[in-house]
Each structure stands twice: as structure tokens, then as C-alpha cells.
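Q: Spelled out, the chains give:
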Amino acid sequence: MKTRKTWITALLAVAPLAAQAALPAYAPVTDARLATPESRNWLSYRGNYAGWGYSPLKQITSDNVGKLTLAWSYATGMKEGHQSPPMVNNGYMYITTPNNQVIAFEAATGKELWRYQKSIPEELMQLHPTNRGVALYGDRLYLATTDANLVALDAKTGEALWVKAVADWRKGYYMTLAPLAAKGKIMVGSSGGEYGIRGFVAAFDAETGEEAWRTYTIPAPGEPGGETWPGDTYKHGGGSVWITGNYDPDTGIAYWGVGNAGPWMPDTRAGDNLYANSTLALDVDTGKLKGYHQYHHNDAWDWDEVSAPLLIDLEHGGRKVKSLVHAGRNGYLWMLERSNGPIGFVDAWPYVTQNVFKSVDKKTGRPTYDPAHTPGTDKTVSFCPSLWGGKDWPPEAYNPQTGLLYIPANNNLCSELTGEPTKYSEGELYIGVALDNILTNVRMGDAARKHVGEVQAWNLKTGKKVWTHTYAEMNWGPLLTTGGNLVFGGGTNDRKFRAFDASTGKVLWEYPASSGVIGVPSSFEVDGEQYIAVQAGWGVDAQRMQGAFDAVLPHKTVVPQGGTVMVFKLAR
Amino acid sequence: MNRTDSPPERLAGEPPCATRRDTLRFCAGALVGMAAGLGQTAIAAEPARARPQPGDRLVAADAEGTPTPLRLADVSAEGKPLMAVPFDAATGTVRDGSRLNKLLLLRLDPAAMEPSASKHAIEGVIAFSAVCTHQGCNITEFNAEKGLLLCFCHFSQFRPAAGGERVAGPAPRRLPMLPLKLDGDVLVVADGFTSRPGATL
Chain A
1 MKTRKTWITA LLAVAPLAAQ AALPAYAPVT DARLATPESR NWLSYRGNYA
51 GWGYSPLKQI TSDNVGKLTL AWSYATGMKE GHQSPPMVNN GYMYITTPNN
101 QVIAFEAATG KELWRYQKSI PEELMQLHPT NRGVALYGDR LYLATTDANL
151 VALDAKTGEA LWVKAVADWR KGYYMTLAPL AAKGKIMVGS SGGEYGIRGF
201 VAAFDAETGE EAWRTYTIPA PGEPGGETWP GDTYKHGGGS VWITGNYDPD
251 TGIAYWGVGN AGPWMPDTRA GDNLYANSTL ALDVDTGKLK GYHQYHHNDA
301 WDWDEVSAPL LIDLEHGGRK VKSLVHAGRN GYLWMLERSN GPIGFVDAWP
351 YVTQNVFKSV DKKTGRPTYD PAHTPGTDKT VSFCPSLWGG KDWPPEAYNP
401 QTGLLYIPAN NNLCSELTGE PTKYSEGELY IGVALDNILT NVRMGDAARK
451 HVGEVQAWNL KTGKKVWTHT YAEMNWGPLL TTGGNLVFGG GTNDRKFRAF
501 DASTGKVLWE YPASSGVIGV PSSFEVDGEQ YIAVQAGWGV DAQRMQGAFD
551 AVLPHKTVVP QGGTVMVFKL AR
Chain B
573 MNRTDSPPER LAGEPPCATR RDTLRFCAGA LVGMAAGLGQ TAIAAEPARA
623 RPQPGDRLVA ADAEGTPTPL RLADVSAEGK PLMAVPFDAA TGTVRDGSRL
673 NKLLLLRLDP AAMEPSASKH AIEGVIAFSA VCTHQGCNIT EFNAEKGLLL
723 CFCHFSQFRP AAGGERVAGP APRRLPMLPL KLDGDVLVVA DGFTSRPGAT
773 L
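Just so you know, the sequences run in chain order A and B.
Residues in the first sequence are numbered consecutively from 1, following this note's numbering.
Residues in the second sequence are numbered consecutively from 573, following this note's numbering.
In short, the hints are calculated from the structure, not lab data.
Calculated pairs, DSSO-like style, for lysine-lysine (alpha carbon to alpha carbon, straight line, at most 27 Å):
1) Lys379(A) with Lys652(B)
2) Lys322(A) with Lys363(A)
3) Lys652(B) with Lys423(A)
4) Lys718(B) with Lys556(A)
Input sequences plus hints: build the corresponding full structure.
A: So, in C-alpha cells, the structure goes:
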């Protein structure tokens, strides 16, 4: 009797705690879990190291997605670009917002657990006020900030464990990417090509924050590739890295995309300008450059090739290829081949209207250019695709069930630029095109006035496009695809977030959000229930393109700003 | 539970006085600060980073060599903006230690100015903070035809003849003005900024 009474007393004492503690103990994120992530979780920027943007969950399907309804939403209190995926680890959700903010939630209910915000230096100039998410590793989160710091947070409490200055924001370095975590290291790159930075990827010890290595994307004289930069131009050659790399755990190599060379006019830096506009293969242990592929040399079009290629093992041309697939800002869809080092070229073809490349070498992938569409100092030139490219940063998605690659594209759009002499001044814009020209760069022919934005689905085995969904104006919507034969994405100025049949492209469901949706969507499961999560929050380059459209179209479009986390599930 | 941390203002491991120019600016400020035991106040008190003071002159932002105070005639009547920074002639301090001191000078038709602008201008010359009130980007572009200042970063537009009023874009407030007067034909700061310069976060 006494034993029973004691047991009941103990149970009553614990009951209030149990009611509060709906979440399990935080499960540390290991290399093994990141390499083979559980389908119920979304542990990294694109859900897996290969960069697929794919969730195997299939409770929500192309048959029932019409019943999708809002489970909870949350106003972040911030304006500008909300682009981070809601990342989920066993019921804990983490999102980031502009202005260096991280918010932790109970994923199923939306209950706020904690909030962290790193203050912004008063003098900081935020050209791209956004953030694309944290890295989850061990029992910590890692945040890269617009004042170029790396912050380690306790995942359970939000306490800042260390803050590491990665670069000098006064010189134009800033960070917006989600870090990449692997092998005890947290890797980041820096934005700032518009300010004449010298780009890099750097790795930091996950425990201590000590810098492990730093590999510049722009080589100095005497280093391999250094001969592709005349004089001191490499010092301000751009090559920024502002999107998370993908990673092959079998080889220990991470693949990073590198931005355009700076300043914009190619005659200011005659040469190939390695490794701008390339993908780099970096050894995660040492930072050593093991291989590269430059998508196009001596860039003249502001075509950052900053999205990391997707790692997809497939059959192409009758053989098995461990491929690297990249929908280039230059308007070509690239298929490369990875190894334990060098990167090979397989194939490339245009996926949007492109009038710059006259040819692409079948063995090396090196393009030749039409000088009539190649800008230069004191030249006025038009070219397609526009300076925002066939696809800017919003990531593609790959679905192993359908075998299709999905691309958020902008087609039919062109630009016109006039190159001007420019001079480097620390922390100032270093572009070489008048700002008013950039603001009014868009050129729209008849095709563009019919439609610009697209979601494309490609069969990579055959190189054939399977379906295309078109939008009247732009598409800045990162894509998610799922085991339920679905593709999700927003990106349009009508604020809609949509679900497509992954096989046919038919729109099956759409939701009018409070702002345009340029966030990376994710999917997760808690207590046997599947959720789709994304942030609304229009801003940065989507808004910039909207401004350029407003300058040439007879109508103007207002897209309201303000971030909202949205989490959907099937209505019961 | 909300947590906020202040950023480190310099790179870890980087000496605080890396260049000779820094040495003159930062170290002098730091010494004053250490002597006074004031920490951050030392930086604010550093003359090159202090906000413009009444009596300051102005110098061109890209000028090299000995500072030469700007005169009325230096500001073009063609609608071209002139980028400038304050200059303490008494101590020879150019106040370019803070980018929040960046100024944009314009010459406008006095008859076209609203009272909110003309009361801070002198003979058509008006000075604005050259830092956008949205996200702190530099404002360097003036469309004379439309009479609008333009921010490259996010397309905010301001009307200088209406005292820097925001007319388009995401900026939440007008551009601060810096009241001017003349000493002979030399431009002189008459008072501090009309509101806080910099981003509104």
C-alpha cells in the first residue's frame, strides 16, 4: 500500500512537468544521421547532403493534397527576405529570419521555445538582408550572420556558446548562407562580390570555433589559377560563396558554387578568372582544392554560379554517372561527373532562352561567346538570360521516385548593360555599371510579356523536359519534392504557395500567403503526422526584380513584406 | 527567452590599429577611452567618428591630400550630387571614421523647395545623410528629371525638395538633413542631423 501511494504521489508530482515536456530530449545530430537522414526530420539546408530538397514522406500525396490546411503560423516580426527552410530534429524546429535572428519552435504546435538575435552593427549596409538557415550539428546550431560572424548556439536553450568573426564586414564581407556541417567542421562562405571582396570557403572547429582552413575562390599569383588574373585584380575579384555546399560522405569532398568575378566588366580583368563562376571540390579535412569546373570564363553578365550542384547517381548516355547537376544562372543545365578529386564534364544544354554561348566544347564544356552579347567597358549590350539568370539562388529539387529534376526558372527575360570605368574603394560598391542602368536593366520581348517564371521538370537520363508550368511574371520559389509525388514552391508576386503533381506538373493545391513565398520549403513528421513547412516573406532580389519589372511594365505590383512561418498538414 | 549578443567590432586577432590612419583615429580614441574608463564611449567620442558638429566645414569624400573646405560654387547646379564628409577645421579632423557621416550635397532651385527643405538649405544647397534609412546602403544617385534620390539596394526613393521625404520603396522614414549656413562662401554645418542617420531596424 505504501509503495502504491508513493508511486501515485510521484506520478502526480511529475504530471505537470510531463504536460509541459511534450518534446523528447534533444537528439544530437551526428555525421551518420546527416549522411542518412531520417525521413521524419529535415536536418540540413536541402534535407540531405546531396542537395536534393527531397522528403521521402508520403502521407501527403498527389491524391489528397487538396485537403492540406494550415496547422499553425507565426509572424516573425521582420521584413525583407525570409528564405531559410524550417529545419526539424525530432520535434524541434528552427528557422532564421533577416537581421540575424533564430527562432526555435515545437514543430507540431508552433509554440516558441526560444529566440536569439545577434545585434546588427549600426554602420552595416545590408544589400541582401536575409538568411538561409542554420546548420544542425551535435547539440548545437550554427548561424552565419550579415556582419560576417559565425555563432554557435545551444540547440536546447538558444544560448550563444561562441561568436567567431569570419571576415571584416567593413570591407564588404557578409554572410547569408546556411553553414555546412561535416566531420567536426562548420563550413561557410562569404557574400560581397559587389563590394570587391576576395571570396573564400572557410571551416571552423564545431566545438571550439577555431579556424581549421580557409580556401580562397580567387587564387593569388603563384597559386594554381593565379595566372588567370592580371596584376592585382585578384585582390578584389569577387567569387563570393553565398549558398550552402553539398557533400559526398564517401569521398569527404564538399562541392561549392562560386559567384561571378568582379567588377562586372570582363575587360577589367582579362583572363579566365578562375575560380569565379565555377563549382569547387574541396577536401573537408584540409580545404584542399581537389577539382573544379568553370561553367563560363571571364564573366560579363553577373551570372553567379553560386548554387552548389546536386549529387545524383544516374544513367546517362548508356552509362552510370555519379553526376553533379546544376541549373546554371547562365541558362544552361549542366551535368558533370564527380570522383575522388577531378570533376569531369558530361553534357550541357540550354533550359531557357540563351543568346550568349555560340558553342560548348563537347569534351571540356568550355563555351565560346558571341561578342555582340558580351558586355564591356563603354559598350552597351543586351543579352539573355537576364543578369538574374535562368535560375538565381532558389534551389532545384530532385525526386528519386520520379527520376525528375525540378527547376525554378525565369525564361524569356533579357538585360541591357552599359559598362563604365570603376575604381575600388573599401566597402563601396565595385560594379562598373551605373546603378540606374542596373535598376532598369530588364528587356522584355513578346515572349517575356507572355510569361517569365517557370517550374520545369527534366528527365536527366534522356535530357528531355517532361513538363513546364508557367507564370506570367517572375519565379523566385525554392522547390521541395516529396515521396507523395508532389512538388511544392512559391516564388510568385501573387503570394501563392503551390503543390504540383510531380509527374505531370498539374497544380493540385495553392494557398495565398501573407507575403510572397521565397523561403525554402521542408517536410517533417511528428507523431505519425506529416507536415509541410515554409516561410513567407518577400524581399531582396525578388523585390529587386519586381522593381525592374515595374520600371518597364505598364502596371506596378505591390507585394507586401513581413515574415510568417507556415506549417500545413492534412485536414482530418 | 530572448537572447541578444553584441558583435565583436573587429576581427579576432586583428590589431585594433592596423594602419597608420587607424592608428591616428582608433588608437587616439582608445587612449582617451582608457584614460576615462569609458569603453564604447571612447569610440563615440573619437573626433573622426563623431557626428557633424555646428561649425564643421565639409570636404569632398574622395578628396586626397590637405582637406579643402567646400564652397558654394563647388556644388553643381547641373543636378549632380556631390559626396562629402564633415571636417573640423580647428583640429584638422576629417570626420570620415563613420560611414554614418557620409553626406550628399545637391543644389536645387530655392523656389521649388518646400519649407521643410529650404529652412535647412543655403542658397539652394542642401545636405542629406547619404545613408538610406532602410538598410543603411549608400545613396549616391539623383534623378534630376524626376527630382528624386534613389537607393540602389532596395529602390527606396526620396524627394530632396520636400526635405528628404520618402516617396517610394521600403525605407520607413525620410532622409536626415544636415542644416547648412555660410561663412563667406564656405559651406558650414549649422546644426546636427535633423534625425538619426542610418538604417531603421
